[in-house]
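Undergrad: Assemble the whole structure, with the sequences as input and the hints as a guide.
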Amino acid sequence: MVEPEAGTSTGMRRVRPLSPHLQIYKPMLTMVMSIVHRITGAALYFGMLLLAWWLIAAASGPNAYANVEWFMGSLIGQLVLFGYTWALLHHMLGGIRHLIWDTIHGFEPVERELLTLATLVGSITLTLILWVVGYLVMGGPR
Amino acid sequence: MSPVQPMRTPMRRVRGLGAARSGTGQFWHQRITSVAGIPLTIGLLLIITALLGRSHAAVVQILGSPIVAITVLLFIVNTAYHMWIGMQEIILDYVHDDRWKLLSLMANTFFVFAVSLTSIYAILKLSFGV
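The listed protein sequences correspond, in order, to chains A and B.
Under my numbering, the letters of the first sequence match residues 1 to 142, in that order.
Under my numbering, the letters of the second sequence match residues 1001 to 1130, in that order.
The hints are simulated quantities; they were obtained by calculation from the structure and are not laboratory data.
Errors might be hidden in some of the hints.
[Stated by the list, open to error] Now the stretches of chain A that chain B is said to cover, found in silico as 3 or more residues with beta-carbon under 8 Å:
1. 36-42
2. 45-51
3. 58-69
4. 96-105
[Unchecked claim] With beta-carbon atoms standing in for the labels, derived distance ranges:
5. A:Ala66 x B:Trp1028: 40 to 46 Å
6. A:Ala66 x B:Arg1031: 36 to 42 Å
7. B:Leu1074 x A:Glu108: 34 to 40 Å
8. B:Met1106 x A:Ile100: 23 to 29 Å
9. B:Thr1024 x A:Ala66: 44 to 50 Å
10. B:Ala1058 x A:Ile39: 20 to 26 Å
11. A:Leu128 x B:Met1106: 38 to 44 Å
12. B:Ile1038 x A:Arg14: 23 to 29 Å
13. A:Leu136 x B:Val1095: 43 to 49 Å
14. B:Ala1058 x A:Leu136: 29 to 35 Å
15. A:Met31 x B:Val1077: 28 to 34 Å
16. B:Thr1024 x A:Gly106: 28 to 34 Å
17. A:Leu22 x B:Pro1006: 27 to 33 Å
18. A:Phe46 x B:Trp1028: 23 to 29 Å
[Claimed, not checked] Some residues of chain A that are not near chain B, with every Cβ distance over 12 Å (derived):
19. Pro17
20. Ser19
21. Pro20
22. Met33
23. Gly83
24. Glu108
25. Glu111
26. Ala118
27. Val121
28. Ile124
Glycine included, each C-beta is placed from N, C-alpha and C at the ideal position.
TA: Right under this line is the structure:
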């Protein structure tokens, strides 16, 4: 068997130049929101565990449900739920922005910045509204 | 040679598959599930807000009623597929080692099935009261 020469076939990998990555660019709102869209998506992925826990507890009985209510009502639970609400709304609004961009609209410098800012402002506003409604109108968790 | 590179590659001619045949299948499915996800997410948020502070008995009754149960079921099924594609995309972007990639892709599938089937089972149990 012939020994493979470096960089020819099997074995050694040739070191190739890489295209520049995130760290060389100045962070811009569109870029940061793009990253945040992915991060919120990943967070929501694991957040589905909370929904599953809540549903299975409701199906299991009053005791199991009381445990979920206790956790959701605790300080950590409330923080997690608040973050979950914002992540969900932000991912939804970011998704709408991407759907608009999919139609090849909203790419002008001003438009794209406005759209991106709108998702951020919108998600924070909607989250606050939802929590105010949750606490004042519906009496909050528990 | 023109400065604009043609999008078609020789491989495309060999395989006879245009980008729209199957190559963008998941891209398209991600769009379908994201469009469906908008009303379903709003529905889920309204349901959860309406259930805040209610007793277990009331929550069971409301979650088991047809419209609410169907909305939650649709949300779960739609989200399960959407998040499966999404996490797969993240894995393919960041996990380059073949073994880890294969394992994470499997874990993604297992996780999505486990979480969604658990939720679906709970909703069906609440609906039919078995």
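Undergrad: Would you mind marking each hint as holding or not holding in the structure?
TA: Structure-based check of each hint:
| no. | hint | result |
| --- | --- | --- |
| 1 | 36-42 | holds (count 3) |
| 2 | 45-51 | holds (count 4) |
| 3 | 58-69 | holds (count 6) |
| 4 | 96-105 | holds (count 4) |
| 5 | A:Ala66 x B:Trp1028: 40 to 46 Å | 44 Å, holds |
| 6 | A:Ala66 x B:Arg1031: 36 to 42 Å | 41 Å, holds |
| 7 | B:Leu1074 x A:Glu108: 34 to 40 Å | 36 Å, holds |
| 8 | B:Met1106 x A:Ile100: 23 to 29 Å | 35 Å, violated |
| 9 | B:Thr1024 x A:Ala66: 44 to 50 Å | 48 Å, holds |
| 10 | B:Ala1058 x A:Ile39: 20 to 26 Å | 35 Å, violated |
| 11 | A:Leu128 x B:Met1106: 38 to 44 Å | 40 Å, holds |
| 12 | B:Ile1038 x A:Arg14: 23 to 29 Å | 47 Å, violated |
| 13 | A:Leu136 x B:Val1095: 43 to 49 Å | 45 Å, holds |
| 14 | B:Ala1058 x A:Leu136: 29 to 35 Å | 20 Å, violated |
| 15 | A:Met31 x B:Val1077: 28 to 34 Å | 33 Å, holds |
| 16 | B:Thr1024 x A:Gly106: 28 to 34 Å | 21 Å, violated |
| 17 | A:Leu22 x B:Pro1006: 27 to 33 Å | 29 Å, holds |
| 18 | A:Phe46 x B:Trp1028: 23 to 29 Å | 26 Å, holds |
| 19 | Pro17 | 17 Å, holds |
| 20 | Ser19 | 14 Å, holds |
| 21 | Pro20 | 16 Å, holds |
| 22 | Met33 | 16 Å, holds |
| 23 | Gly83 | 15 Å, holds |
| 24 | Glu108 | 22 Å, holds |
| 25 | Glu111 | 20 Å, holds |
| 26 | Ala118 | 15 Å, holds |
| 27 | Val121 | 18 Å, holds |
| 28 | Ile124 | 15 Å, holds |
The structure fails to meet hints 8, 10, 12, 14, 16 from the earlier list, while all remaining hints are met.
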